[in-house]
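When you get a sec, could you build the whole thing from the sequences and use the hints?
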Amino acid sequence: MQIVDLIGRALSIRAFYHKVVSGNIANAQTPGYREKEIDFRRELDRRTGTEAGLAPSGDAGYTVTENPGHDGLARLDGNTVNLEDQTVKLTENQLMYQALVQMASKRFAMMKYLIGEGKR
Amino acid sequence: MGAFDIFKISASGMKAQRKRMEIVASNLANVQTTSTEEGGAYRKKDVVFKAIDVSDDKTFSGTLSKKVEGVEVESVKESDKPFQMVYNPSHPDANSEGYVTFPNVNLMEEMTDMTAATRAYEANVNVLNTTKDMFLKTLELIK
Amino acid sequence: MKVENFTLPSFGEVQKPANEKTRTSFGDVLKDSIKKVVELEKEADNEVEKLVKMENTDVQTTMIAIEKADLSFQMMMQIRNKIISAYEEIMRMQV
Numbered sequence: 000m001q002i003v004d005l006i007g008r009a010l011s012i013r014a015f016y017h018k019v020v021s022g023n024i025a026n027a028q029t030p031g032y033r034e035k036e037i038d039f040r041r042e043l044d045r046r047t048g049t050e051a052g053l054a055p056s057g058d059a060g061y062t063v064t065e066n067p068g069h070d071g072l073a074r075l076d077g078n079t080v081n082l083e084d085q086t087v088k089l090t091e092n093q094l095m096y097q098a099l100v101q102m103a104s105k106r107f108a109m110m111k112y113l114i115g116e117g118k119r
Numbered sequence: 000m001g002a003f004d005i006f007k008i009s010a011s012g013m014k015a016q017r018k019r020m021e022i023v024a025s026n027l028a029n030v031q032t033t034s035t036e037e038g039g040a041y042r043k044k045d046v047v048f049k050a051i052d053v054s055d056d057k058t059f060s061g062t063l064s065k066k067v068e069g070v071e072v073e074s075v076k077e078s079d080k081p082f083q084m085v086y087n088p089s090h091p092d093a094n095s096e097g098y099v100t101f102p103n104v105n106l107m108e109e110m111t112d113m114t115a116a117t118r119a120y121e122a123n124v125n126v127l128n129t130t131k132d133m134f135l136k137t138l139e140l141i142k
Numbered sequence: 000m001k002v003e004n005f006t007l008p009s010f011g012e013v014q015k016p017a018n019e020k021t022r023t024s025f026g027d028v029l030k031d032s033i034k035k036v037v038e039l040e041k042e043a044d045n046e047v048e049k050l051v052k053m054e055n056t057d058v059q060t061t062m063i064a065i066e067k068a069d070l071s072f073q074m075m076m077q078i079r080n081k082i083i084s085a086y087e088e089i090m091r092m093q094v
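Chains as they are written, first to last, in numbering that gives the first Met the number 0: chain A, 0 to 119; chain B, 0 to 142; chain C, 0 to 94.
Just so you know, the hints here were simulated from the structure itself, not pulled from any lab data.
These numbers were taken from a predicted model, which means no experiment stands behind them.
A portion of the hints provided could be inaccurate.
As the list claims (entries may be wrong) - List time: in silico EDC-like cross-link candidates among lysine to aspartate or glutamate, alpha-carbon distance up to 16 Å:
| no. | chain 1 | residue 1 | chain 2 | residue 2 |
| --- | --- | --- | --- | --- |
| 1 | C | 52 | A | 38 |
| 2 | C | 67 | B | 139 |
| 3 | B | 18 | B | 73 |
| 4 | B | 18 | A | 84 |
| 5 | B | 80 | B | 109 |
Claimed, not checked - Quick list of simulated restraints, FRET-style, between CB atoms:
| no. | chain 1 | residue 1 | chain 2 | residue 2 | range |
| --- | --- | --- | --- | --- | --- |
| 6 | A | 21 | C | 38 | 39 to 47 Å |
| 7 | A | 7 | C | 45 | 14 to 22 Å |
| 8 | B | 32 | A | 75 | 18 to 26 Å |
| 9 | C | 59 | A | 17 | 18 to 26 Å |
| 10 | C | 38 | B | 129 | 30 to 38 Å |
| 11 | B | 38 | A | 75 | 17 to 25 Å |
| 12 | C | 45 | A | 93 | 20 to 28 Å |
Heads up, the beta-carbon is just placed ideally off N, CA and C, and yes, glycines get one too.
The structure is reproduced here in structure tokens:
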């Protein structure tokens with residue numbers, strides 16, 4: 000069932016990332032707002048293997064970096080949100096979230112099947 | 000190439016078309032501008048698109064094998080088309096012969112460009128949505 | 000994907016005469032299919048891990064690997080059930 004734990008951690012990270020990207024999109028016109036990003040792979044590594052449990056739980060446990068500017072330039076009002084990229088990231092995150100849920104669900108279904116058949 | 004490279008390509012397409020729209024908007028706004036900071040009338044601007052590699056695989060073999068690319072706006076060029084000369088001696092920017100140079104912006108051309116940019120933008124969004132559907136369909140394999 | 004991946008040595012072989020040393024028993028048949036199932040499940044887990052870590056974004060390979068493991072698992076369970084009921088029926092036979 001180790002794989003289900005891994006899927007679970009990835010789901011938490013993606014749920015948080017959804018908030019980050021939604022915030023970016025909502026602030027696409029806010030002056031001075033810097034686009035926020037997280038390093039998915041790093042966050043996952045921090046929570047699996049030998050480092051599991053070292054990262055604080057909850058939203059504070061994630062390292063959010065700010066993007067200083069796209070293509071080397073921020074717009075005149077200091078906003079660095081790239082709307083098309085954020086839209087695509089949102090879609091990507093949502094699709095992967097669904098894939099993860101589906102895979103975990105399949106694992107559980109296989110377990111349930113085993114339990115059911117084992118009674119015979 | 001996974002599904003997410005397609006997203007990057009669509010995103011690059013959307014970005015490029017949006018920049019094109021910005022230029023069209025600039026051209027339309029300045030259709031009557033007879034004086035600019037650089038001197039002379041406003042020159043119509045054009046975007047130059049360039050195909051670029053948008054994939055994450057920046058390794059040598061990765062770039063060798065790339066066959067599909069996204070797009071980016073390489074530069075914004077000023078058009079060399081001739082200005083419109085209008086005879087109007089009372090205009091503040093009239094030259095010694097009484098002619099005023101108006102921008103080489105053609106209204107019809109800009110409107111067509113705008114429609115084309117919109118359609119291209121929509122097409123990119125379509126690609127994104129279709130790819131999303133394909134992905135979700137693949138997930139159904141293990142329902 | 001060929002269905003042959005799931006087939007086992009046909010039951011005809013099990014009926015060989017008892018004095019042949021190469022006879023395969025019901026137990027061997029089951030052991031064989033269990034081994035295959037474990038292999039497929041390991042492969043599926045690997046693919047899932049790769050997808051979770053985003054090392055591989057080809058969902059279709061992952062989904063197919065998972066479904067292969069699932070189907071072969073279910074097949075093995077059915078074989079096991081059949082073998083058990085065959086055994087029970089034999090035990091019930093009055094000698």
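We went through each hint and held it up to the structure:
For the hint linking residue 52/C to residue 38/A, the alpha-carbon distance of about 12 Å falls within 16 Å, and the restraint holds. For the hint pairing residue 67/C with residue 139/B, the CA-to-CA distance comes to about 14 Å; that is within 16 Å, so the pair holds. Taken as a hint, the residue 18/B and residue 73/B pair is honoured in the structure, with Cα atoms around 11 Å apart against an allowance of 16 Å. Taken as a hint, the residue 18/B and residue 84/A pair is honoured in the structure, with Cα atoms around 14 Å apart against an allowance of 16 Å.
Distance hint between residue 80/B and residue 109/B is fulfilled; the C-alpha atoms sit about 14 Å from each other, no more than 16 Å. Checked against the hint of 39 to 47 Å, the C-beta distance between residue 21/A and residue 38/C comes to roughly 42 Å, which is consistent with it. The beta-carbon spacing between residue 7/A and residue 45/C, approximately 18 Å, falls within the hinted interval of 14 to 22 Å. For residue 32/B and residue 75/A, the Cβ-Cβ distance of about 20 Å falls inside the hinted range of 18 to 26 Å, so the restraint holds.
For residue 59/C paired with residue 17/A, a C-beta distance near 24 Å keeps the hint of 18 to 26 Å intact. The hinted range of 30 to 38 Å is satisfied by residue 38/C and residue 129/B, whose Cβ atoms lie roughly 36 Å apart. One distance hint, 17 to 25 Å for the beta-carbon pair residue 38/B and residue 75/A, holds here, with the actual separation near 24 Å. The given range of 20 to 28 Å is respected by residue 45/C and residue 93/A, whose C-beta atoms sit roughly 25 Å from each other.
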